[in-house]
Structure formats: structure tokens, C-alpha cells
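Trainee: Line by line, the protein sequences give chains A and B. Throughout the first sequence, residue numbering follows this note's numbering, covering 1 to 428 in sequence. Throughout the second sequence, residue numbering follows this note's numbering, covering 1 to 428 in sequence.
There could be a bad hint or two in this list.
Same chains, same label: a pair holds when it works inside one copy or across any pair of copies.
Below 30 Å or equal to it, Euclidean Cα-Cα: the simulated DSBU-like pairs (lysine-lysine) are [stated by the list, open to error]:
id, residue 1, residue 2
1, K314, K132
2, K315, K304
3, K369, K282
4, K29, K16
5, K62, K29
6, K212, K362
7, K314, K212
8, K62, K32
9, K282, K362
10, K345, K367
11, K314, K244
12, K62, K369
Simulated from the structure, these hints should not be mistaken for lab results.
2 protein chains.
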Amino acid sequence: MKAYEERSKEELLALKAELEAAYEEFKGKGLKLDMSRGKPGVSQLDMGMPLLDTLNSSSDMKTMDGVDVRNYGSLEGITEAKHLMADMMGVDPENVIVCGNASLTIMFDSVCRSFTHGVLGNTPWYKLDKVKFLCPVPGYDRHFAITKHFGIEMINVPMTPQGPDMDLVERLVSEDEAVKGIWCVPKYSNPQGYSYSDETVRRFAALKPAAKDFRIYWDNAYAIHHLYEDRQDEILDILSECEKAGNPDMVYEFCSTSKVSFSGAGIAAVATSKANMEDIRKSLAIQTIGYNKVNQLQHARYFKDYNGLKAHMKKHADLMRPKFETVLNILDEELEGLGVGTWTKPNGGYFISFDSLEGCAKAIVAKCKEAGMVLTGAGATFPYGIDPHDSNIRIAPSFPTPEEMAQATRLFALCVKLVSIDKLLEEK
Amino acid sequence: MKAYEERSKEELLALKAELEAAYEEFKGKGLKLDMSRGKPGVSQLDMGMPLLDTLNSSSDMKTMDGVDVRNYGSLEGITEAKHLMADMMGVDPENVIVCGNASLTIMFDSVCRSFTHGVLGNTPWYKLDKVKFLCPVPGYDRHFAITKHFGIEMINVPMTPQGPDMDLVERLVSEDEAVKGIWCVPKYSNPQGYSYSDETVRRFAALKPAAKDFRIYWDNAYAIHHLYEDRQDEILDILSECEKAGNPDMVYEFCSTSKVSFSGAGIAAVATSKANMEDIRKSLAIQTIGYNKVNQLQHARYFKDYNGLKAHMKKHADLMRPKFETVLNILDEELEGLGVGTWTKPNGGYFISFDSLEGCAKAIVAKCKEAGMVLTGAGATFPYGIDPHDSNIRIAPSFPTPEEMAQATRLFALCVKLVSIDKLLEEK
Chain A
1 MKAYEERSKE ELLALKAELE AAYEEFKGKG LKLDMSRGKP GVSQLDMGMP
51 LLDTLNSSSD MKTMDGVDVR NYGSLEGITE AKHLMADMMG VDPENVIVCG
101 NASLTIMFDS VCRSFTHGVL GNTPWYKLDK VKFLCPVPGY DRHFAITKHF
151 GIEMINVPMT PQGPDMDLVE RLVSEDEAVK GIWCVPKYSN PQGYSYSDET
201 VRRFAALKPA AKDFRIYWDN AYAIHHLYED RQDEILDILS ECEKAGNPDM
251 VYEFCSTSKV SFSGAGIAAV ATSKANMEDI RKSLAIQTIG YNKVNQLQHA
301 RYFKDYNGLK AHMKKHADLM RPKFETVLNI LDEELEGLGV GTWTKPNGGY
351 FISFDSLEGC AKAIVAKCKE AGMVLTGAGA TFPYGIDPHD SNIRIAPSFP
401 TPEEMAQATR LFALCVKLVS IDKLLEEK
Chain B
1 MKAYEERSKE ELLALKAELE AAYEEFKGKG LKLDMSRGKP GVSQLDMGMP
51 LLDTLNSSSD MKTMDGVDVR NYGSLEGITE AKHLMADMMG VDPENVIVCG
101 NASLTIMFDS VCRSFTHGVL GNTPWYKLDK VKFLCPVPGY DRHFAITKHF
151 GIEMINVPMT PQGPDMDLVE RLVSEDEAVK GIWCVPKYSN PQGYSYSDET
201 VRRFAALKPA AKDFRIYWDN AYAIHHLYED RQDEILDILS ECEKAGNPDM
251 VYEFCSTSKV SFSGAGIAAV ATSKANMEDI RKSLAIQTIG YNKVNQLQHA
301 RYFKDYNGLK AHMKKHADLM RPKFETVLNI LDEELEGLGV GTWTKPNGGY
351 FISFDSLEGC AKAIVAKCKE AGMVLTGAGA TFPYGIDPHD SNIRIAPSFP
401 TPEEMAQATR LFALCVKLVS IDKLLEEK
């Protein structure tokens, strides 16, 4: 197809009229499509239902080491849940604390604890004039919301298909003592679906931070969320890489079963060094007598181990793949060669990232909304909600059915075309 | 019986020799008794098992208003769980936020949020030179641990059978802007089992705090935890009393099902004014996408409403009553009239509070431990672990069986006698 930019004003105007008619038709359908969040769809949630048969009134409620999960205690989680979450992250169970239903809450608590009490004996952040976090962009809006909430200055670091721009990360981390952290989604990143290369992970592990309390916030949210059997990204284990590089305490790794079992009722965990665990435990012992161990036992008994998780996630891939492929096929079909945008083609995770022509993202999202389709707000993938190029849009194919996704993507492509034409016409 | 104080030195020495022989016999038994915490016993946890049959793989997972509890969302909890927890506290469901498995965590988060972000637009506490909390004593060690964790100065306020010394509370709260809160267990208090009188609750509601961000931390942990059908304490609803008194925002009320369903896997809630809810929601929306709603639904479907809770707690009382009565009968039998201690006789809750002769509590607890019986550490019922009179001991009869409780109380009484004799001999 001929790129829009190469078309004449007249051609574009004629095309615009045609597309506007199609858009009006879409509007007439009274659509209600939600592609705003990485929410699992109903079929995926249904897949988790046998979990609820794992425990009943005649179940043995003791863990493998004899703990009654119904009572108080086990601050760090039960042994079998530690094993399960360790399997998911590829780390040693001894480095794992299993918490409640959300890794987001563990991340919030980690930043909050650093603010109120400091990291491993270092000055609490509330006493410092300035605290900064590096934010690979585009990234996850809820990460940025946490650092914003605590008044932490966020610095954009561009993403590449191999991970964040490591030259910039290395420079900022080693030069500035105020830089205390970096938000990472190392595997099937949110929203691009990129996975960090071995070199990137090793450069992370070898960082020489100016701040002793610098930590990598390694949100391994999509560790086992592949789309294909034959194309699976794998990343190096950051914990052991940090240890090898002489930086054993430099990372907190987070994960959860939110997109494995139930997104509202899974279990979440943090993996880190023994010294960091001891540091976390001091606050944790004040905050709780223990997390929900019945839910931990239920998960451990249902999934059993890594093989159980893998088998389950194969079915998960079977549900997600058609949704992703629908989006990607229609984007190819509708937009390939038009020069109005680029998009990622991930092997896993929950999102596809779309980059429009500069200055078009907000208008595209607004145009979709007018026709009944909610996308993640343009700008949301950047700190403070400000996308300097106003071009990134996150597409979340998980919630709608493949049929709805097809309709949604046609509408999306249409809006991209219309907004791009307007932009190009302005320039002509 | 003749009080020890009135006995001669010779009489005491003879008695001591006799009691020491009995103590050696106890030591020979190799006992392992735990009366340290308010942990439910196994029979009580067994009582909650049908809860696990409430949901299974063929259950309808939607709430009464159509929310899929398996997915993300519902930051404030599902409607039926709000109703259930509102019933438990005797408040309006619209004033309730249902959270995770522990009210302790909600309390921690409330103090933490005040520290990092302030209360309803007031200065965050980390920016203040001094923050103080009033602590009715004896009280709950985990409350004191939270305020200590945030460097908050704790001021002892004596408890009476009608609640805290309100003359002192009124004076301190109205005179000192640094006083930002007070820890209360208003019903079947921990550890005395006292319930606040109507006058006490009204005086609380009518407080005129110097600090705009002063809040009453009303931990209604034992709201429905009666021991008797015919002797039940009831307290006024603090939320409506505060509203009537023109102080609608002055209280956070907390409760949970930790001692109703499972202590590690119940649901917990906070009740407060609309303005406070809005304030809490701002942080909550950063901290989580929603708490475990599957567990909320399970609880709401199982207990249904106040009548369901009441029926369940009648069975709970049937389990707890014999334990309490065993302790009280043996204390009467062994210690009545000896002038070596006083103890409370609560109508509900989880504890009996014992006051020994001044300076004896630590020694009694140590002596019990030597013979295989763990009590809550002496001093734990006071801020900083310092009981100025070294006399208060918390007895937690919930975990052992009645038979174990009998043995434990005999041993306890024996240790009280031995330590008291030593003290009296020193003085003779």
C-alpha cells in the first residue's frame, strides 16, 4: 500500500470522506469494548475454577511441615507456596517471601518502607531532599503512580527491544546518589512485550550505584506468560547474576499468580537476598501476623510445581494467542505500509504497544472512545502521564473475546487512519 | 484463707517448701503449654471448615450486583461483604471498606498513611517534630508496636472497668496538638475484657482535640465474641455518636473475622466517615487494584448476615466458655483470699488480665516458663514493654484445651504463690 505521506492532498481528502462514513457506521453500532487494562477475560478466569475444589471442609489443613494454615503465623508464607513462587521466578525458595493477593501491594510497601524506615540501615527517604527513580518508557502506569505518590522524581529511560538503554542507566545510577531505584518489567515488558537480553541483565547486575540503597525493582509479572510453544523468551535470573557480580542486595524481584489463577485472588511474592529479607521482615512483623495461608495452600496444592504451572499456562496461551493474533493480523492488513504507525509483536505477556505518528495518540484514543471503545489513556505509559511524543498507545487484548478484538482492532485502525490523515493534511 | 501477708515468716517458709515440691513435680512432667497469644484452638478452627464448601468450581462467582469476584477491581470490597462487616460493627455498609485478611494491617496502613501523607489534608506526620498517641493500659502489644515503629511517643492512660480514664484523655487530647490518636479496644478489651460504658463512648465522641487530625483508633476486635447468652456487653456505636457530637471524622473503627472464621484467612474492614473514606481511597488506589474478593464472597455467602454470625458465635462461645471458666474457677480455688493478685472476669473476648503483687509479674512468667508454660511476656501489655508496677500478666485461654488450661492454671497459681512468698519474705 502507498504510504499516506506520499499521497496528495486530494487523495487524502477523498480517503478521509470514505473513512468517516465507515466511522459513523461504527458509532451507530453502540459498541462497548474495553481494552484499557490487562484484565483477564471470562474464559481465562473459568480456567482457574478447579482451584476452588482443592480445599473443602474435609481437607487436611496442615502444610508439609505441619503448620495449620487456618491459624496465625508463618510471616514469610508457607513452605509449599515459597517453592511454587520460587519455581515461577527461577530462584531459590529460601529467598522468597509469599504475601497477599497482589505484587503491586508488595511494591508499594517496598517503596513505602524505604520512605519511612530506609533500606538496610540507610537514611529513610523522607529525610532526603531528593529521591529519583529511573523509569524505562513506555512502562507500567501503576509503577509510576507509586513513585509519584511518594514524591519521587521520575526520569525517563528509553526502552529498546533488548531492554532499557543501559548506557544511560549506568551513567545515571553511578553518577547520582539520589537515584534509588529503577522500575523494570524484564520479561514480556508492559506494554511492548520486550524481554531483556542476557547482556542487559548482566549489565544490570554489574551496576555500580552511587547510592548504597539503590535497588532494582524487578517486576517479573509475565515470567510464565508465553503465547507460543516454539517461541518463548527466557531471561537470566537477576538474583544469581547480582550475586555473581558482587551486588547480592541490589534487587527485589516481584511476581504473582494474578494472571495465572485469579487476578483478584491469587498469591504474590518477593524474592531477594537474605539481608534484604531480614530488613523486610522487621517491618512485616509489625504490619501483619501473617498473610492468607489458606489461599497459599490452595494454590500450592492445585498447581503443585513448575510443571503444573507450565501445563496450566499452556491452556492460558491457547486462550490468549488468538486474541493477540487477531490484533496483529488486522493491524498488518489495515495499516502495513501506510507509514502511520508501528507496533510490537510479542511472544508473550499481556500487551501490544502501538506508536502512532507524533502528536496523534491522544486524538486516536479519544476517537476510539467516541465510538464506544475504551483504551488505556494516551500518556499513561509514561511518568506523570506525559508522553513527550504523544504517540504511544497500549493495546490490552486479554479481556475481550477474539471476535470483539477483531471489531475493536478494525475500529482502532480506522481511528489511526483518520487522525493520521488530519495530521498530514495540516502539514500539507 | 489467710492472706499471705498476715502469715508469719515461719508459716511462709513451711508453705514455700511444700509448694516447691509441687513445682518440682510439675517440672518433671515435661509440659509444653502455650498461653502466650490470642490464638484460636483447633476445635474452633474446625468449626469454620464448612466455609470452604461455600465455593467450588461450579459456583456462581458474581456478587449481588454483578461483579466477577475473580477479576481485578472493587477497591472498597464487594457489597455483600460490606453488609456483613457493617452488621458485625453495627454501622452503615456505606461507611465500610473491606480489605484483606487482617485488621492489624489496616491499622498499620492507617498510621503509615498519616505518617507519609497526613490525614485529610493535614501535615504528614513525618514533617512534625513530635507525634503522640494515648495508650490505655494494660492494652494490646501489637498496637503499641505500630506506633513505636513510626517513632510515635506513647503516653499511658489507666484503664478502669468503664474504659480509659476519660478525665485524663480529655485533658491530654484538648491541650496537646501533638496528640494525634488513641488506641482503643472498646469491647471486651485486650487484656482485661472490660467494655466501655455509654458515658465513656459519649465522652470519646465529644472530645475537643487540639489537633485537627486527631483520630480514635477503635479496634472493635471482639464485637461479637460473647461468652454467655445471658450476660452480653453492648457498647454504643462510636460512628453515630461522633456524628451526633459534631465530630463525624474523628474515628476509624476496625474489625475482622480473624476470630470468627480463620485467624489467618478471614476478612477485615474499616468503618469511618465519607470524608475519611475518600482520603483512604486515594492511597488505597495506589496500593492495590483490590483485595481478595473470592474470600470476601466466601465469607458473605457462608455467614449471610448478622443472624448467621450470631449463630456461629454461639458455638464459638460454647467452646471458649469452658476454657475461661476453668481458669477462673481454679484461680478462685487457689488464690482467693490470699492477697497475692487480682484478676478480671470478662463476659467475652479472648483474655483474662491478672495483676500480681507489685514487682512480681516478670518473675511469675519466668517461673512458669521454666516448667514448660509460655505466657505473654510480662510488660507486653504496656508501651515499650514497660509495666511500671511489673504486675500485669495477660492470660490467653483460647489455644489450649480445657484440660490443658486446668493444668496450666494450677501451675500458674503455684508460680504466683511461690514468687509472692519470696517477695513477702524479703520484706519481713
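Trainee: None of the hints should be skipped; say for each whether it holds.
Mentor: Do the hints match the structure? See the list:
1. K314 - K132: neither (39 Å within a copy, 55 Å between copies)
2. K315 - K304: within (16 Å within a copy, 35 Å between copies)
3. K369 - K282: Between copies only: 26 Å across chains, 47 Å inside a chain, cut-off 30 Å.
4. K29 - K16: Cα proximity of K29 and K16: one copy only (20 Å, versus 92 Å across).
5. K62 - K29: between (55 Å within a copy, 28 Å between copies)
6. K212 - K362: Close neither inside one copy (40 Å) nor across copies (42 Å); limit 30 Å.
7. K314 - K212: neither (41 Å within a copy, 56 Å between copies)
8. K62 - K32: between (46 Å within a copy, 20 Å between copies)
9. K282 - K362: between (45 Å within a copy, 25 Å between copies)
10. K345 - K367: within (24 Å within a copy, 70 Å between copies)
11. K314 - K244: Intra 33 Å, inter 59 Å, cutoff 30 Å: neither.
12. K62 - K369: Classified as between; 27 Å across copies, 51 Å inside a copy.
Of the numbered hints stated above, those contradicted by the structure are hints 1, 6, 7, 11, listed in ascending order.
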